[in-house]
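Engineer: Sequence:
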Amino acid sequence: MSYRANREAYIFLTKLIQRAGLRRSDFLHRLADYGYPISDDDLTNWGRSGRQFPRNWTLLRAMITILRDPKLAQPCTVSEALHFFSLVEMPFSELHNIATLFPLQEFIPAIEHYLPFKFILIEGDYLVVEQSGP
Numbered sequence: 002m003s004y005r006a007n008r009e010a011y012i013f014l015t016k017l018i019q020r021a022g023l024r025r026s027d028f029l030h031r032l033a034d035y036g037y038p039i040s041d042d043d044l045t046n047w048g049r050s051g052r053q054f055p056r057n058w059t060l061l062r063a064m065i066t067i068l069r070d071p072k073l074a075q076p077c078t079v080s081e082a083l084h085f086f087s088l089v090e091m092p093f094s095e096l097h098n099i100a101t102l103f104p105l106q107e108f109i110p111a112i113e114h115y116l117p118f119k120f121i122l123i124e125g126d127y128l129v130v131e132q133s134g135p
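The opening position of the sequence shown corresponds to residue 2 in our numbering, with each subsequent residue numbered one higher.
There could be a bad hint or two in this list.
Stated by the list, open to error - Here are the simulated distance ranges between beta carbons: (1) 55 - 20: 37 to 47 Å; (2) 12 - 40: 15 to 25 Å; (3) 35 - 13: 34 to 44 Å; (4) 113 - 27: 12 to 22 Å; (5) 78 - 35: 14 to 24 Å; (6) 58 - 107: 17 to 27 Å; (7) 113 - 42: 37 to 47 Å.
Treat the hints as calculated values from the structure; they're not laboratory data.
Virtual Cβ for every residue (Gly too), placed ideally from N, Cα, C.
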């Protein structure tokens with residue numbers, strides 16, 4: 002992961018936490034409730050030069066799960082979550098786990114931004130219908 006993308010991921014996550022109306026300590030307590038006792042220093046260090054977010058995809062999904070809580074002042078959107086996951090270079094093989102965090106009607110339009118094709122809804126199922134680009 003490049004330093005620039007890593008730093009951007011850290012800044013973006015910090016903005017999502019603040020916008021949700023959480024203090025960092027509240028966010029970290031919630032992560033601990035999910036089984037991830039991350040310190041404030043750990044979180045800060047992930048945004049520093051030469052450091053990166055851990056390749057623990059369940060931890061990163063837990064972060065977004067916390068920020069998706071509908072009781073928050075402004076929960077994280079699907080597009081924001083996908084942007085964060087792209088910055089931390091979450092592999093495509095994790096996509097099915099990410100999709101379970103969101104309603105399908107929200108997820109499909111957001112993921113299309115990252116894919117070279119479009120989907121349509123037919124009787125509750127999404128189908129690939131249009132290839133975009135060359």
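Engineer: Okay, which hints does this one fail, numbers in order?
Structural biologist: Of the numbered hints given earlier, those the structure breaks are 1, 3 and 4, listed in rising order.
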